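**Q** Going line by line, the protein sequences match chains V and X. Per the working numbering: the first sequence ends with 231, consecutive numbering throughout. Per the working numbering: the second sequence ends with 286, consecutive numbering throughout.
Honestly, the hints are just simulated from the structure, not real lab data. Treat each hint with caution, since some may be false.
Here are the computed lysine to aspartate or glutamate pairs in the EDC-like style, where the Cα-Cα straight-line distance is at most 20 Å [to be verified]: (1) X:Lys217 <-> X:Asp257; (2) V:Lys160 <-> X:Asp257; (3) V:Lys160 <-> X:Glu219; (4) V:Lys149 <-> V:Asp186; (5) X:Lys209 <-> X:Glu219; (6) V:Lys227 <-> V:Asp49; (7) X:Lys209 <-> X:Asp222; (8) X:Lys217 <-> V:Glu36; (9) X:Lys217 <-> X:Asp280; (10) X:Lys217 <-> V:Asp49; (11) V:Lys11 <-> X:Asp280; (12) V:Lys160 <-> V:Asp186; (13) V:Lys11 <-> V:Asp63; (14) V:Lys11 <-> V:Glu36.
Bear in mind that the values here come from a model prediction, so they are computed numbers and not experimental data.
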Amino acid sequence: MIGGCWRGTGRVVQVKIGVVTFPGSLDDRDAQRAARLAGAEVTPLWHADADLHDVDAVVLPGGFSYGDYLRCGAIARFAQVMPTLIDAANGGMPVLGICNGFQVLCESHLLPGALTRNQHLHFVHRDQPLRVANNTTAWTTAYSVDQEITIPVKNGEGCFVADQKTLDALEQEGRVVAYYAQGNPNGSLRDIAGITNERGNVLGLMPHPEHAVEALTGPGTDGLGFFTSVLKELVR
Amino acid sequence: MAVHKILVDVMLKPEILDPQGQAVANALPNLGYPSPVGLRIGRHVELALEAADADAALEQATKIADTLLANPVIEDYTVRLA
């Protein structure tokens, strides 16, 4: 039984990860694949369906939801699935927003700050070293603090901004989950690549762990840990 | 119910970097103009709303601006009758 997990009851429990597809999502299939490789059962979720179909965790994938019109993530925030998702996230369900998903989480106010146009105006696409700064979130327990991992970054609007007070609070409370290492690809303030909410269940990450889960198609398998972490968290 | 035309202007907050504005500013010397002292780019939205009166239309437009047209984390907005 691949991906089956034993809970204390002796029952085999299958962890279900939902991946939301918005019009314009690009990386939903890769996110599904990554979750499957980590051992989860995958449930595709649809932006116009308010039902989360009993999933245990949700990934908001990368892409250009609603054409990135107005602001990235601004229109996706009001999709029918979002009120249910926001309630679930506030109730503790693990939610990972990758790239466009991170932008949706900020627009939804599940995470502070905003993602703006890359400082140098260029779209950047490269394998990006990150330094993990918090390994206690639902999505990062597979890593160690200060571990350097390399996963792809690809964005045009990945420059994380927030006011000084918010940035100070994020760093003091250990809510910066990963920093860009060996060069900042987009001008993000304080080299922030990913942040979490106070509870540690909602994670926004600009680079793409779902593209680094197999040696054949990515720079390595450093990204798989985000998905195995949440599986471990959910069967605990 | 009359139709009221409302103008919403959205600008990045002064402390938020505006790379688009900077790129345009940097292009001006190529056209023979001196570098501008300031140049920032925002968004102009024209809304036509059916409402009982202008105040009701303005109130509705302000809510729309605050929830969707602008992200108050990084942007300021103004709402006025056309």
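**Q** Does each hint fit the structure? Answer for all of them.
**A** Okay, the hints, checked on the actual structure:
1. X:Lys217 <-> X:Asp257: 31 Å, violated
2. V:Lys160 <-> X:Asp257: 41 Å, violated
3. V:Lys160 <-> X:Glu219: 13 Å, holds
4. V:Lys149 <-> V:Asp186: Given pair V:Lys149, V:Asp186 holds - Cα atoms ~16 Å apart, limit 20 Å.
5. X:Lys209 <-> X:Glu219: Answer violated: X:Lys209 to X:Glu219 is near 31 Å, above 20 Å.
6. V:Lys227 <-> V:Asp49: Holds: V:Lys227 and V:Asp49 sit about 18 Å apart, inside 20 Å.
7. X:Lys209 <-> X:Asp222: Roughly 29 Å separates the two Cα atoms, so the pair is violated.
8. X:Lys217 <-> V:Glu36: 43 Å, violated
9. X:Lys217 <-> X:Asp280: 6 Å, holds
10. X:Lys217 <-> V:Asp49: 41 Å, violated
11. V:Lys11 <-> X:Asp280: Roughly 41 Å between the alpha carbons, so the hint for V:Lys11 and X:Asp280 is violated.
12. V:Lys160 <-> V:Asp186: OK: V:Lys160 and V:Asp186 at ~16 Å, within 20 Å.
13. V:Lys11 <-> V:Asp63: It is violated: about 28 Å lies between the C-alpha atoms, which goes past 20 Å.
14. V:Lys11 <-> V:Glu36: Measuring from Cα to Cα gives roughly 5 Å; hence the hint holds.
Hints 1, 2, 5, 7, 8, 10, 11, 13 from the list above are not met by this structure, while the remaining hints are.
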